[in-house]
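**Student:** Chain by chain, the residues run as shown.
Protein chains: 2
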Amino acid sequence: MQTANSIAGVYKPGNGDAFQAINPATGEMLEGIFHRAGKSAVDEAMQAAAAAAVIYSQIAKDQKALFLRTIATEIEAVGSLAVKRASEESGLPHARLTGEIGRTTGQLRMFADLVEEGSWVQAVIDTAQPNRHPMPKPDIRRMLVAMGPVVVFGASNFPLAFSVAGGDTASALAAGCPVIVKAHPAHPGTSALIAAAINAAAQQCNMPPGVFSLLYDDGYDTGALLVKHPVTKAVAFTGSYKGGMALLQLAAERNVPIPVFAEMGSINPVLLLPAALEKRSGELATSLAASITQGGGQFCTKPGLLLAMQSPGLEAFITTLAAGIRQTLPVPMLTEGICHQYQHHSAGKLAAQGVELLAEAGETAAPIKYPTRPRLAKVSAQTFLRSPDLQEEVFGPYAMLVVAENMEELQAVTAVLSGQLTVTIMAEREELSLHAPLIRQVSQLAGRIVYNGVPTGVEVCAAMQHGGPFPASTDSRFTSVGTAAIYRFARPMAWQNCADEWLPGELQSGNPLNILRTTDLTTARL
Amino acid sequence: MQTANSIAGVYKPGNGDAFQAINPATGEMLEGIFHRAGKSAVDEAMQAAAAAAVIYSQIAKDQKALFLRTIATEIEAVGSLAVKRASEESGLPHARLTGEIGRTTGQLRMFADLVEEGSWVQAVIDTAQPNRHPMPKPDIRRMLVAMGPVVVFGASNFPLAFSVAGGDTASALAAGCPVIVKAHPAHPGTSALIAAAINAAAQQCNMPPGVFSLLYDDGYDTGALLVKHPVTKAVAFTGSYKGGMALLQLAAERNVPIPVFAEMGSINPVLLLPAALEKRSGELATSLAASITQGGGQFCTKPGLLLAMQSPGLEAFITTLAAGIRQTLPVPMLTEGICHQYQHHSAGKLAAQGVELLAEAGETAAPIKYPTRPRLAKVSAQTFLRSPDLQEEVFGPYAMLVVAENMEELQAVTAVLSGQLTVTIMAEREELSLHAPLIRQVSQLAGRIVYNGVPTGVEVCAAMQHGGPFPASTDSRFTSVGTAAIYRFARPMAWQNCADEWLPGELQSGNPLNILRTTDLTTARL
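Chain order of the listed sequences is A and B.
Numbered per the working numbering, the first sequence finishes at 526, counting up by one with no gaps.
Numbered per the working numbering, the second sequence finishes at 526, counting up by one with no gaps.
If you're looking for bench data, these hints aren't it; they were derived computationally from the structure.
A few of these clues could be false.
You can't tell identical chains apart in this list, so a pair holds if it fits in one copy or across any two.
[Claimed, not checked] Taking lysine to any residue and the SDA-like style, the derived pairs with C-alpha atoms no more than 25 Å apart in a straight line are:
1) LYS228 with GLN444
2) LYS242 with VAL256
3) LYS228 with PRO388
4) LYS228 with LYS242
5) LYS228 with TYR241
6) LYS228 with LEU248
7) LYS137 with ARG280
8) LYS228 with ASP389
9) LYS137 with GLU28
10) LYS228 with VAL256
11) LYS228 with TYR451
12) LYS378 with ALA347
13) LYS242 with PRO230
14) LYS228 with PRO471
15) LYS349 with SER380
16) LYS349 with ASN255
17) LYS137 with ARG109
Just so we're clear, the structure is a prediction, and the values are computed from it rather than from any experiment.
So that you can see chain A by itself, here it is in the shape it has in the complex (with noise of 0.2 Å):
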C-alpha cells in the first residue's frame, strides 16, 4: 500500500504532521503511515488537473466510459484487499463492504453507459432562418460541457461508495472533469488502495495524468487548500452539517464564486397516519426499527424523527417499536470523534426537559472500543415546538418519536421543520385525502417523498433525487446520487453559425453520435 499523496499518478510524500488509520473496533493504530499533503502537494496536483482538463474535456466519450469501466474493474482486483481494510479502518462488517464495492463498481459503469449513450449533453438545435422578418434567425446549437476540476471530500459513512471513487468522483469523471480527492482520515488505507486502481486504469487508458489526485490530511488545511484554489471549479461533500458550512464559506471568501454540493444529511421525517398505525403497527414498528439502526443508524436517510397523532394503533406501534430498539446490539461507530459525538449529542436531547427514553438497545458480550447504543426518545408536540435544538441532526442509531394530540398540533410540528433529504408518509390510501393540507406542506421540505416504505436504501438510478432544500444539501437543485448528478458540473455552451465540422460531434448536423436532442423544438434521434 503506497502511503504518499498520489498526485496526477505520481507518488510524492506529505511534508506535513503524520498520522495513522485507527480501527474503530478495537481502538488499534493501523499499518501505514500518512503525511499532510500541504500546500505546494495541492498547487502541482491542481495545476495538473487545469492541464488534463483542456484534454479530458474533449476526448472522445467511448474512451471515457472505457476509462470508467476499467476503474470498476481495477476496484473489484483490489476488492478483498479494500474490503478488509475499510472494514478495519471503519468498523463496518464485510458483508456491507462487498455490497458498497458493488455498489461503487456498479455507480462507475452506470455513468460509462450514461456517457457512452451520450445524450445527457441535452443537445439542442434552433436552425438558421435567413429569411426571417424583421431579422434572420442565426443557427444556435447548445449542450453541456464540463466545468473543470472538481475537489471532492471522501465521505466517512461510505468508504467505498462516496469516497476515492464513489459517486461525486464517478460522476465528475463523467462530466470530463479532472478530480481532486481530499482523503478522508478515518480510511486513508483504503482511500490508497483505490487511488492505485484509479491510477492504474488512467495509465492503462492512457488519460492525462493530472485527471485524478489523491491528496491526505487529518485536519483542515489541506481542504481549505484545495476549496480555495483558483484552478477549482466545483466542490462536492458528504458528512455533517458543520463540515459542509465550512466549506460553504471558504468557497464564499474565494474572488470567483464556484458552486459548493454539500449533502449534509438531516432527520428525515416519518409521519405515520392514524388508519396506517392502526391497521399495521407492528409491521410498521419493526420496518423502522430495522431503518433507525441499519449500518449502525449512518446513513443519510436515517429517519430520525418520527411523527405520530394520538391514536388507537399508537401504543401497540411504540410497543414493538421500543422493542426493537432493544433487541438491536451496539455496533462500532465510525471513528472515536464522532462516537464520542453520538453520545454527546444523543444524551443532550435525552436530558432535556420532557424528553423520555423509550428504549435503548443492550451492551454487547464482546467489547467494543468505540460503540454506539441505538436509542429510541419520546416527546410531546408541545415540548418539540418549544426545543428548536431537538430538531438537530444526531449521527448514528438515534431516533425520536412526536406525540401530537390532534392534527393542528402536528401541521404545527411540520410547519417548523427545515429542509430534508426524505420525508415518509405511512397512510392508507383512504386516509390520504383527508390529510392531504399535511402532505402538501410536508412535501415542500424534502427532495424525496416516500409512501409506505423506508427511506433508508437509497435506490442508484435515474430517477433518484438525494439533496433537498437546505440545510439537507447546500444546493436543492442537483442530486449526489443517480445518473443526474453528472448535471451537477457540467455548464451549457452555445456555438452560434458555426460551421460543421468544427461543432462538436454532438451538435452536428448528421448527428455523427446518434444521440437524442431536440432540434427546433422536436426532440428526436434525427
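Given chain A, put chain B in place with the hints provided.
**Tutor:** For chain B alone, coordinates are given in the frame of chain A:
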C-alpha cells in the same frame, strides 16, 4: 398611472422617501411621485408570495399558460402608452421600445407554449422491480417542481424585456414561482404600467393575489430586504458587476443560502484572425461599428474588446472601423449616473499610458442632457497585459482594439481574460485549423461562441445560452435568455412508491398529459 407599490394586487403607498423619474434626453422631471417601499411593504409582499406559492405551484399547466398569455395581451393593450413612457424615462427611441414590447410579449407566449406542452419538467420514471435480488427495486419518479417566491430586479437597459414582465419574471412565473419585482428607479412609470397589466391578468385568470408584487425604491434598502427575506427562494438580476456582487454578498449573509442569478455583463472579446481581416476588412469593420454603438452600446453583449495581430488587412480594418465610429451620433444614456460612469470609465481607460483614441463620434445638433459619445481606443498587447484595469467593462458605446505582434502575444492576451457572455471569432474557414489551440482556449471563456457574426442581438430561443463563466454571470450553469431560463427556478423532487392518483399528472402511469418523459431509460411520450 398608479404610483403606489403593488402588493398582491392591492395598491399601497410606500412611506419612505419620494422620488420621480427623469428624462435623460432633456433632464426634465417626469410626472408621478413614487415612494420607497420599506420593510412593512416587503414583509407583506413576501408573506402573500409564500401563501400564493402553495397554490400557484400546483395549478394546472394550461391555467399557467393562459395566465402568461393574458399578461402578454394586457401588455399589448397598454403598449403605446408604455413605449411613450419608457422612451421618456430611458431616452431610448420609440422604434426600439416597440420592438421590445414585441420581445416581451413574445417571451411570455414562448414560456406559455413551453408550460402548456409540459415536457420541460424532465420527468423520469424508474418502475419497480419487486423480484430483483438481493433487494427489490422500488418505484421512483422524479420531476421538476417550483422553488418558491423569486425576487426579480428590473434592469435599466431593457425597460420592458428585462424589467417588470421581462425574461426573469416570465420564466419564474412559468416555473410556478410567485414573483416580487424591485422596480428599477430609472423607469418607475413604465414599471407601474406593466405591473397593472400583470395585475389585470392575474385577476382575470383567478390567480392567487400574492403571485405578483411590485415595489419601488430609488436606493438599496428595499432590494436588500427582499434578498434577505426568509421567504425568498431565488434572486434574478441583470446589471453591473458591482450591483450583482452586492446581491451575492447579501445572499451570503442569509441563514439559508439561495441562488442568485446575476448576469453582470462582459466585454465580449472579438478575435479577428488574419485571413478574415485580409479578405473582408470592410465588412467586418462596418458590422462591428454598428454592433458597438447599437442601442447606445447598452447591450450586455456589446463587443468591447477587439483582438487582432499585425497583419495585411489590419490597417484597412482600423480605418473603416474608426470612420464608422466617427459617423455615429451620441444618444442619451439611460440615467445621469450611468452617463457619468461612461464618461469617467472611458476617459480613465483613454488616459492610461499607451492607450490611443482612434475615433470618437461627433456632437449632435440637438442638445442631449446626458449623452454618450461612441469611442474607440487602441492599445498594444504588451500594454494590455501590463494593465489589468483595461479589461474592466465600460458600459456604453466604447470598445478597445488590442493589437498583438504575433500569435504568442495574442494567446497571452486571451489567457488573462476572465469569463465572458460571448466570444466572437472572425475567421476564414481555412485558418481555423491553424489557430485551433487559440480557439479552444477562448472557447473555455464564454457561454456562447459566435462565428463570423456580431454578439449583439441575443436570439430568444431554446438553444440560447446567455450567461457565462464568472464574472459574466454568478452561475454559468444557467441562462437568463431563452426557454432554458426556466430551469433557474425549479428543483427536482422524487416520489417513491406513491399511488398513481397521488402523483402529479406528469408522473402518472398513463401519461395523461402526454409529455415526453424517460421511463426505464427510454425517452418517449409513453
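**Student:** None of the hints should be skipped; say for each whether it holds.
**Tutor:** Hints versus structure:
no.: 1; hint: LYS228 with GLN444; verdict: between (33 Å within a copy, 21 Å between copies)
no.: 2; hint: LYS242 with VAL256; verdict: both (23 Å within a copy, 14 Å between copies)
no.: 3; hint: LYS228 with PRO388; verdict: between (33 Å within a copy, 22 Å between copies)
no.: 4; hint: LYS228 with LYS242; verdict: both (18 Å within a copy, 22 Å between copies)
no.: 5; hint: LYS228 with TYR241; verdict: both (19 Å within a copy, 21 Å between copies)
no.: 6; hint: LYS228 with LEU248; verdict: both (11 Å within a copy, 18 Å between copies)
no.: 7; hint: LYS137 with ARG280; verdict: between (63 Å within a copy, 22 Å between copies)
no.: 8; hint: LYS228 with ASP389; verdict: between (32 Å within a copy, 23 Å between copies)
no.: 9; hint: LYS137 with GLU28; verdict: neither (70 Å within a copy, 39 Å between copies)
no.: 10; hint: LYS228 with VAL256; verdict: both (9 Å within a copy, 22 Å between copies)
no.: 11; hint: LYS228 with TYR451; verdict: neither (41 Å within a copy, 35 Å between copies)
no.: 12; hint: LYS378 with ALA347; verdict: within (13 Å within a copy, 71 Å between copies)
no.: 13; hint: LYS242 with PRO230; verdict: both (24 Å within a copy, 21 Å between copies)
no.: 14; hint: LYS228 with PRO471; verdict: both (22 Å within a copy, 17 Å between copies)
no.: 15; hint: LYS349 with SER380; verdict: within (13 Å within a copy, 68 Å between copies)
no.: 16; hint: LYS349 with ASN255; verdict: between (40 Å within a copy, 23 Å between copies)
no.: 17; hint: LYS137 with ARG109; verdict: between (41 Å within a copy, 18 Å between copies)
The structure is inconsistent with the numbered hints 9, 11, although it conforms to all the rest.
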